Amino acid sequence: MKNKSLVSITDYSKDEYLRIISIAGEFEKQPVQPIMQGKVVANLFFEPSTRTRLSFESAVNRLGGRVIGFSDTLSSSVTKGETLYDTIKIVSSYCDLIVMRHPLEGSARFASELTTVPVINAGDGANQHPTQTLLDLYSIYKTQGTLENLTVFIVGDLKYGRTVHSLLMALSQFKTTFHFISPDELKIPDEYKFYLHRLGLDYHERKELAVDVEKADIIYMTRVQKERFSDPIEYEKTKNAYVLKNKMLARTKDNLKVLHPLPRVSEIEQDVDMNPKAYYFEQARNGVYVRQAIMTSILGLK
Amino acid sequence: MLHMKDKKMEVSAIENGTVIDHIPAKVLFKVIAILGLDHIDKPITFGTNLDSKKLGKKAIIKLSETFFIDKDINKIALVAPQAKLNIIKNYTVVEKKIVEVPDEIIGIAKCVNPKCITNNEKIVTKFQVISKTEVQLRCHYCEKITNQENIEII
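Top to bottom, those sequences are chains A and B. So that you can map any letter, position 201 of the first sequence is 201 in the numbering used here, and since no number is skipped, the others follow by simple counting. Adding 302 to a residue's 1-based position in the second sequence gives its number in the numbering used here.
Pulled out of the complex, with its shape left as it was, chain A reads as follows:
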């Protein structure tokens, strides 16, 4: 993993997922360790993402490293028309590791091929956001004690949600049974169903959130965005069908946890927050430990 860029979740093997999870567990026990002293991380955020950027910065700071970079393109030379090519070439000589968020898909792969400095993709458009997936895996592992043979419900926008597709790819290594719950407009794309079929994995697809919920180990909620609907009336009709309410959790398994990549809008009612099965805020905190694990692995420090 040393010096290897993390652009796409499929860049890592199952063993590498488990290795990151194990190191993240160590950082959770002892988050402050000065092992990145003298290391400079360039945080290049070509579009704003406060949550992800702060999570990376927090991870670096707790390890004693330093962060340079920008949080949007208004304050960088990109506004002057600099190409991504030039930005990466220049920044590479200033740092030991690049973390980048960019609105264009494939930008992180391109960047990783321009430099010998490893690149961590912190989101390239609708394509990939692998550190989110690894923190999802860590959260699932931590709450279930395993990643093997779980039943995972994924709810909401399964068509466009990049976290959903990456999570599916990663979990499919662990014999997961999937339940896909979405409106017709936002169904999981066929290519992913073919993929699961080829692996011989069991999956179920339906429109109703309340059905079979007692089978779930994990409910992974996502946002159903208005702009995804061609017909606004259709959106108004469907949006309430994908809202998780506290009373729906009454019959669920004791080990069930509700996850959400956040930000949430209205798809989880606030009364769920008080339920011990709600895990999305802890999930966000896990992001720091997981990013500590990813960065130190890539830098060869762990």
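Possibly wrong hints are sitting among the right ones.
[Stated by the list, open to error] List time: in silico EDC-like cross-link candidates among lysine to aspartate or glutamate, alpha-carbon distance up to 20 Å:
(1) B:K424 with A:D86
(2) A:K80 with B:D374
(3) B:K424 with A:E113
(4) B:K428 with A:D11
(5) B:K446 with A:E191
(6) B:K434 with A:D190
(7) B:K424 with A:D190
(8) B:K386 with B:E367
(9) A:K226 with A:E208
(10) B:K417 with A:E47
(11) B:K424 with A:E82
(12) B:K417 with A:E113
(13) B:K417 with A:E208
(14) B:K417 with A:D72
(15) B:K364 with B:D353
(16) B:K434 with A:E191
(17) B:K446 with A:D11
(18) A:K89 with B:E423
(19) B:K428 with A:E113
(20) B:K373 with B:D323
(21) B:K446 with A:D190
(22) B:K446 with A:E113
(23) A:K226 with A:E185
[Claimed, not checked] Computed spacing ranges between beta-carbons, pair by pair:
(24) A:P48 with B:P404: 53 to 63 Å
(25) A:D11 with B:N392: 51 to 61 Å
(26) B:K386 with A:E47: 47 to 57 Å
(27) B:V431 with A:N61: 41 to 51 Å
(28) B:V431 with A:D11: 17 to 27 Å
(29) B:P404 with A:K237: 45 to 55 Å
(30) B:K373 with A:K4: 31 to 41 Å
(31) B:S433 with A:T116: 27 to 37 Å
(32) B:V431 with A:E26: 34 to 44 Å
(33) B:V431 with A:P263: 36 to 46 Å
(34) B:K373 with A:P31: 54 to 64 Å
Rather than coming from a laboratory, the hints here were simulated on the basis of the structure. Given the structure is predicted, the values throughout are model-derived calculations rather than measurements. Note that the Cβ used here is the ideal one computed from N, Cα and C, for glycine as well.
Keeping the supplied structure of chain A fixed, place chain B upon it in accordance with the hints.
Frame of chain A; chain B shown alone:
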């Protein structure tokens, strides 16, 4: 009857050159564009909407005094993967070739995704071929799939 047939043969036969057969009729003009045939000054004969058991409607191109290197001809595999070439010397077929879809396509096609970095910055495109019969290309950069009907040649 026999006389008529002979006469027809004479019109379409070429002395030296290349015959590209088994082109799906609907992609004839794409093939013309890919091979840059609109810039060739040698005689060219096109036939299209001809009956074909395999393709339904097929097209054929006969090019006098024109020969291709494999690298160039394989570019048409993206739109006409079943195309066949006959190399003609002195009215005789001296070589038959099939076009081959390579495993990787570099720099020929455009990624279908407008948000792909390759459509926004000066980058040579690169695709993994994930299906060769109905050609499907996965962009090395944005990972989106470009289907045969969306393939646009650069």
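Each hint tested on the structure:
no.	hint	in the structure
1	B:K424 with A:D86	12 Å, holds
2	A:K80 with B:D374	39 Å, violated
3	B:K424 with A:E113	14 Å, holds
4	B:K428 with A:D11	18 Å, holds
5	B:K446 with A:E191	11 Å, holds
6	B:K434 with A:D190	19 Å, holds
7	B:K424 with A:D190	32 Å, violated
8	B:K386 with B:E367	18 Å, holds
9	A:K226 with A:E208	19 Å, holds
10	B:K417 with A:E47	14 Å, holds
11	B:K424 with A:E82	12 Å, holds
12	B:K417 with A:E113	19 Å, holds
13	B:K417 with A:E208	33 Å, violated
14	B:K417 with A:D72	18 Å, holds
15	B:K364 with B:D353	17 Å, holds
16	B:K434 with A:E191	16 Å, holds
17	B:K446 with A:D11	16 Å, holds
18	A:K89 with B:E423	15 Å, holds
19	B:K428 with A:E113	13 Å, holds
20	B:K373 with B:D323	18 Å, holds
21	B:K446 with A:D190	14 Å, holds
22	B:K446 with A:E113	19 Å, holds
23	A:K226 with A:E185	12 Å, holds
24	A:P48 with B:P404: 53 to 63 Å	41 Å, violated
25	A:D11 with B:N392: 51 to 61 Å	55 Å, holds
26	B:K386 with A:E47: 47 to 57 Å	49 Å, holds
27	B:V431 with A:N61: 41 to 51 Å	45 Å, holds
28	B:V431 with A:D11: 17 to 27 Å	20 Å, holds
29	B:P404 with A:K237: 45 to 55 Å	48 Å, holds
30	B:K373 with A:K4: 31 to 41 Å	33 Å, holds
31	B:S433 with A:T116: 27 to 37 Å	34 Å, holds
32	B:V431 with A:E26: 34 to 44 Å	42 Å, holds
33	B:V431 with A:P263: 36 to 46 Å	39 Å, holds
34	B:K373 with A:P31: 54 to 64 Å	55 Å, holds
Violated hints, in rising order: 2, 7, 13, 24; the structure is consistent with all others.
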